[in-house]
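Spelled out, the chains give:
2 protein chains.
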Amino acid sequence: MFQINDNYEKLPGSYLFSTIGKKVASYKEAYPEKDIIRLGIGDVTLPIAPAIVEAMLKAVVEMGTEEGFHGYAPDLGYEFLRSAIVKNDFEARGCNIEVDEIFVSDGAKSDSANIQELFSTNCRIGVCDPVYPVYVDSNVMAGRTGTYNSDTGTWSKVIYMPCVMENDFIPQLPKEVPDMIYLCFPNNPTGTTIPKAELQKWVNYANEKGSVIIYDAAYEAYITEEDVAHSIYECEGARNCAIELRSFSKNAGFTGVRLGYTVVPKDLKCGDVSLNRMWARRHGTKFNGAPYIIQRAGEAVYSQVGKIQLKEQVAYYMNNAGLIKKGLQEAGYTVFGGVNAPYIWLKTPGKMTSWEFFDYLLEEKGIVGTPGAGFGPSGEGYFRLTAFGSLENTVAAINRIKQM
Amino acid sequence: MFQINDNYEKLPGSYLFSTIGKKVASYKEAYPEKDIIRLGIGDVTLPIAPAIVEAMLKAVVEMGTEEGFHGYAPDLGYEFLRSAIVKNDFEARGCNIEVDEIFVSDGAKSDSANIQELFSTNCRIGVCDPVYPVYVDSNVMAGRTGTYNSDTGTWSKVIYMPCVMENDFIPQLPKEVPDMIYLCFPNNPTGTTIPKAELQKWVNYANEKGSVIIYDAAYEAYITEEDVAHSIYECEGARNCAIELRSFSKNAGFTGVRLGYTVVPKDLKCGDVSLNRMWARRHGTKFNGAPYIIQRAGEAVYSQVGKIQLKEQVAYYMNNAGLIKKGLQEAGYTVFGGVNAPYIWLKTPGKMTSWEFFDYLLEEKGIVGTPGAGFGPSGEGYFRLTAFGSLENTVAAINRIKQM
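Each protein sequence line maps, in turn, to chains A and B.
Numbered per our numbering, the first sequence finishes at 404, counting up by one with no gaps.
Numbered per our numbering, the second sequence finishes at 404, counting up by one with no gaps.
Extracted from the complex, chain A is given alone in its bound form (with noise of 0.2 Å):
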């Protein structure tokens, strides 16, 4: 009789958003008439910009004719697609990354959770806490994190760096090393992030104790302050200790597009195995490429008319972020984030849990937002709104909320 892989048995519950998805579907059924502003799951609204449209148009067309069709992609991605990506985000940042260290995904979701196949099952990860829950359940699946304890909210074999009020949510270097460090600033889901000169403190200890950084970028684009990192590699050393995770659905709203890339560099060795090989080796055996016509999106994400239009879409939402900020300041609320990026993190108010606040947040005020608690333990009595509704929705939110 065949076996399952029994580490999806220790996995407590469903992935955090298809919970929230389903509470959501259920209060909905039985209050229909209820006008419900999601500012919840990490989703844009704002249309496509329209040079991307563009772009995706001529490519459809193209793949009509019999000149312009594209059969299968190359493994790694196409190089029109890879040369912009190292022009506009390394080279313009005095970053050294070359083309064949850029591997186009289908998004950064998906490379997140793969990554951790390149490593042995032996090796101990690091998580900041709370943490978008995909570094965590893909591990748990793989079977690196020892058992759950479901008074604690912990996994045994997982190493975690708090980031809380008391330590102005900047994790500290921990003492136990992890084999695999996941980071992610601009910080998903508190908001904060930590400036350049910290960041390289993490590259320095990767390096020094022969840890691997697996750093997600994923919010670069809301980066407002001078200090800040758009790039891991912009720290000394980074090319020989860290992998970064890219994704095109935040700065250009490729939610529903799907498009992302992870950099691999080829100084990232173990011994004389190179994980730049490896992942193109998984990328050869396990991917197809990402559609042509999503590759040719992602190019003009960075043509002149493309950032110009993205820029704005980014303002936009970083508008919103200010609006929720200052509202709830003004309702009395303490709140986190919402600077450098498109979440704001606020304290729950009294001693309610974060799931509690939740509910009422849906059954008072018919807004929905995303439990802290739900991204770690460290995350109970926080909760994450984003900046990613519209603007009408957003001011609507914030004066449901001040009617307490």
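It is worth saying that the hints were derived from the structure and are not from the lab.
Just so you know, even glycine gets a beta-carbon here, dropped at the ideal spot from N, CA and C.
Be aware that one or more of the hints could be misleading.
Claimed, not checked - Cross-link-like lysine to aspartate or glutamate pairs, in silico, EDC-like; alpha carbons within 20 Å at most:
#1 A/K10 to B/E117
#2 B/K58 to A/D100
#3 A/K286 to B/D43
#4 A/K286 to B/E117
Stated by the list, open to error - Sample of chain B residues with no beta-carbon within 12 Å of chain A, all distances over it, derived:
#5 A30
#6 K58
#7 W155
#8 N167
#9 K175
#10 I223
Please arrange chain B on chain A, whose structure you already have, making use of the hints.
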């Protein structure tokens, strides 16, 4: 110091089609004037059908509007596509498959590589030999295959089911029972298939022994004979033992569009554990849906006009298959396949190995094919040609081969 997944180190060489790509590229560099005809990789050449182009154009325009914008797709695929799949691919054939048993993905290659994650690393796999390399390679990466013997080209823990001239390419039920059985009919690479009654034996065997069948039906659109099953769910009892992988690449030319789906019936269980729920959990955690635009393209595959246009495409390729088969036979080759599949499988002449024949065909005839040995040890002495070229190239290739 972090450690890598050392199973990757066990993989001999690179992914088959990457190797071929490199060989052809270096030949082209040496002889830039040579006109090369590619009948190697199973990539299609006809442009995307008009009905599908139209659907994508419409979806792209929608994505650029406030009302028509689509963000994150439902984890498992849009209802409109899943319903069309159930209705056309299963109900129409009398198979009892429900919408929540369909999991839409970015392509069958990803699914066929990822599906093994649901199973224990102690499971033993059984594969036809020769076979599509992804089944074995993805299991090597997961550590299920033991050690590689480079003399025999076999893995110590893999159960091989040879498919050769001598058994009419019909695999025998293995004495040593595999936990996971990979079957692909119509077969890639041999282009042969088995009657439905023969497939029923495999379903019975799996149910009796407690094995799971991973059934790759990527080429079902090419079936011309009446007694061949298009889906394993045409067999009684398959809901209890079989997962089916389906592709849009070959029936609709989506190699560069990227769309596939996997069927995991709710009756497929290991003890109390539903594999349908496990796969749903994997999708929710490690994947973020296929692009909206591409799922609309998939829907158009099942439209009335789409069906007619795609029937013509399949007929075009099958005409090529007939020409290749006939041409090779006239040139004195022993030839298989090409009746229910777009692949022609030929016996290499004399004592030529399949890689020797690859070099011969590339250097003497300017034709790229795929050496049988690349698909497994029993593929040695065979060679694959695909019918996915243009009619013009196919005719030219046959003429070149005939000029011996």
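Here is what the structure says about each hint:
no.	hint	in the structure
1	A/K10 to B/E117	holds (15 Å)
2	B/K58 to A/D100	violated (35 Å)
3	A/K286 to B/D43	holds (17 Å)
4	A/K286 to B/E117	holds (12 Å)
5	A30	holds (21 Å)
6	K58	violated (10 Å)
7	W155	holds (15 Å)
8	N167	holds (26 Å)
9	K175	holds (17 Å)
10	I223	holds (22 Å)
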